[in-house]
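Trainee: Listed below, chain by chain, are the residues.
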Amino acid sequence: MAAEKSRLGWRKPVKIGLVTGAVGTLVALVGMVEAFSYRLIVADLLSMGHALIFSVLIFGAILGARGARPAQAWLKGGITGVVASSLLGVLVLLGRIIPLRAVFINASPELFNLLSFGQEGFAGILMICAAGLLSGVLAGGMHVLPDPIRPALIRALGAVVGAGVLQDMLRPILVAWGPLWDIGELVFDANGLTPEGALGILVGVCLGYLGWEKKGRGLAARTETLPPRARKLLRVSWVSFLVALLLLLPQLLGLFLSEVLTIVGLYVLLGLGLNIVVGFAGLLDLGYVAFFAIGSYTVAILTSPELGFFQLSFWSALPVAVILGALSGILLGIPVLKMRGDYLAIATLGFGEIIRILVLSDFLRPWLGGAQGIGKIPKASLGGFEFRTPQELYYLILVGCLLVGFVSWRLRESRIGRAWMAVREDEDVAQAMGINLVATKLLAFATGAAFSALSGAIFATKLGSVYPHSFNVMISINILCLIIVGGMGSIPGVIVGAAALVGLPELLREFAEYRLLVYGAALVAMMLLKPEGLWPEAVRKRELHEGEQEPEVVDAGLKMG
Amino acid sequence: MIRRLLERFTATDLIMWVIGGAIMALILVGSTATISAGKYSLKHWIDFMVFGLAQGSIYALIALGYTMVYGVLRMINFAHSEVFMSGPYTAYFVAAFFHRSCLLESHPVLSMFMVLLVSMAVSTLVAYLLERIAYRPLRTAPRLVPLITAIGASFFLQYTFRGLYGSGFQAYPVVKALEKHWDILGVRILGFQVVVIVAAALMMGALYLFVQKTRTGKALRAVSEDKESAALMGIDVDRMISMTFVIGGMAAGAAGVLYALMFKQVHFFMGFIPGIKAFTAAVLGGIGNIPGAMLGGIFLGFIESLGPSLFLDGLGIVAPYQLKDAIAFTMLVLVLIFRPTGILGERLAVKKA
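Protein chains in written order, with our numbering: chain P, 1 to 561; chain D, 1001 to 1353.
Read the hints as simulated data drawn from the structure, not as lab findings.
To spell it out: a stretch of chain P is covered by chain D in this simulated footprint if at least three of its residues, at any positions, have a beta carbon under 8 Å from a beta carbon of chain D; those stretches are:
| hint | stretch |
| --- | --- |
| 1 | 23-31 |
| 2 | 339-349 |
| 3 | 476-486 |
| 4 | 527-535 |
Glycine included, every Cβ here is placed at the ideal spot set by N, Cα and C.
Just chain P, with the same shape it has in the complex:
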């Protein structure tokens, strides 16, 4: 009986270890480890490639140790780690004997050196297993630490990795500021954090978290009990601080980061538009990029001297682009009115592709420029001020984002917003409650398309030229990803999603090649683990956790009715 029990105890960590090892092998063979190894998190100590492998091992060990008794947790974590890392060892062994590279192009000697920490032969394999054992034992042991210490440690480790990953962003900011210059020099080396800096962040975040747990919650509770006037003052000062920050941001961040910000901003615009169609109204539109293209091409055709039909200014072309976008939203919306779910997704995907193929074709070339696109689009100017550099364009995009954010926030709270959400929940019931499905859906398509066209218009003037290749289905998928990762239907979620899925890859150049791989994995993981997104909308969260909180849902339903 005892033997039976202990065997069952072993089986789970071994199984999870095998899965973890397979994931680690895949990550290594896909080339991510090597590509990421050129960027250091802690100088001379830890590269991002190693951090990647370790985080896979640690994550596996935590899963393997989950539910174990405290005395056994570190043991189970260790088993998971050893099993997983021995698979990596097998990979290295095989790779050094057989020319794996004939098939797997990333199975290079550099990769095997990285995995075995530069050791040859069996010493290398032993090193791998030892690293797996160590990280597994530590992760398993950490898993059963008492409560305030464990989250503090996890956050601190996360902060170190985060600071290392975002070094390109943090370092210039710190160095640019006089008083912070010393801190910047102390924490960051030319390539990564200094060991002292990493330790400092680790300890600092740890202590900060523990301190907050002890004192901070009381502070937060005290502000709740402040008199209303004082609370209002507090809120106003917060908002004005935020506004000031938004206005000064490009000056603080410098040229490169401002460029990243403008790209994020364009995706926020697109995301807010698709959020209305998918998040609010529940209509999965995969051809959304078509409206982006329509906005861009309208501005290009109306302003560029290259085709020579019109030569309007950006500001007179912009409303035309937005209106044309909205109209095409209605036009493409009409045929798909009766479709639902999957069919709608496929039909809109088809529309998007048809538009792209038409733009690319030689048939429409005299009007749309064919594969060469349209160039020489003038910059937007306002009273002699030209929006030329990213730092200037930022304001244009910021105004657009604020406008669109405000409109979609007000729309959500309005009658039409409620109608959209009713349609999302259940079309038939919504219709039975007297909602005009045709008008509601078309309005969602039109609004989303208008926002997208606005983004496209700004995109055209930002780039100065438009090509059909900028408007492929990947953009639609990108936008869909960012609103899903952020949380469908949630406006702050769009911003969080855009920052995470568009901003981060721009900062990590190594990442570019693996962007869509990570996107795909993120979509799947998100749907499996946290379908409501990072910053969910309240209703949606409730809906997706229906089984767990049945009474609350019924309650909410009654209130809404």
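Put chain D on the given structure of chain P with help from the hints.
Mentor: Coordinates of chain D only, in the frame set by chain P:
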């Protein structure tokens, strides 16, 4: 009677029918113009049709995967195009090995069989893992959730294979035995076209018999009819769903090799367009319906190979062949709008969607 009909006929319906009518008129005008211009002879048309039949058989094989999964789970397995890609891309390395060791010339049938086997095995494995890891935990989730998962899985697989095997086009080795051709009534029929058509027909026939005549096939049909009742009758529903994915994966792996033979190259992105077209074929034939998928695939193949020259050339459109994909997508949208049940379909889309 007529008044009641008119009342139900809304403005959007009117717009739809006007658009549909316009497209039909364009097709008619284009076809008559092309035929009366006499630019293409009968030989050309037959040529197009043989090509269409070969291409269509491949679409039909891929479409089987879409249609069977839809039949059982009522979801579009968006990642099926990557199931289709994974097999031939892996089998490329086997084919290249045979080519290097000259086995492809000395034992063409055996080595092609091995390539086919590897391709089918990989595609089947990918399809099985996909179901197991990504879809199974989401069986009871809201409808949008598995669809988004499928989209995510599709991109994950594409870029995983890109990372594993590289991002370039890999040229499939030329099989000498398939380069033969016969001239029948003045029409040149290529060896690989015959192989593609015959292989696809054999596989579809086998699958049809399997689903209709065997016990497992019966269980499959029962599960696609009603999962709860099937479970009550003692059918292992989870196993049957896995089986569906496995069969779809096998067909897709076979289709992949045929596709690679036809276009002589593989690429990590090669699944996207054939995938959407195969889905179109599945919808065309009535999704959830196995003979429908075969019919739809062949129909789509014909439309695609005949369409550019027949419909568009006559309208004076430059380089009509560039618009081949646009024709397929237009077809897809039109079918979804006007007859979402397809040629042979029951009204599944309304009942369950």
